[in-house]
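Engineer: Sequence:
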Amino acid sequence: MKMIGDKCSHGVKWGDECRECQLVWDRELVRRWKPEVEAAERRIRATEVAMIKTEYVEVKA
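Be aware that the sequence shown starts at 1, since it is given in our numbering, and climbs by one per residue.
Quick caveat, the hints were computed from the structure, so don't treat them as lab data. Bear in mind that the values here come from a model prediction, so they are computed numbers and not experimental data. Ideal Cβ positions, reconstructed from N, Cα and C, are used throughout, including at glycine. Check the hints yourself; a few may be wrong.
[Said to hold, decoys possible] Label pairs and their computed distance ranges (CB to CB): (1) TRP14 <-> ALA40: 38 to 44 Å; (2) HIS10 <-> GLU55: 31 to 37 Å; (3) ARG31 <-> GLU55: 33 to 39 Å; (4) ARG45 <-> LYS7: 40 to 46 Å; (5) GLU20 <-> ALA40: 35 to 41 Å.
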């Protein structure tokens, strides 16, 4: 995103929402953070599975 006076490179006034700028930013976030997000999701799933197994063992016992 280049600044042109008080507007972004897409011609939208700063402070207003520019969908093109948001798409660029979102794609950059996904590219940069996707491995960390996927790792966090795997940890969450593993924890949930472990909790379910623990509950099953406790109920069974």
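Engineer: Of the numbered hints stated previously, which ones are contradicted by the structure, given in increasing order?
Structural biologist: 1, 2, 5
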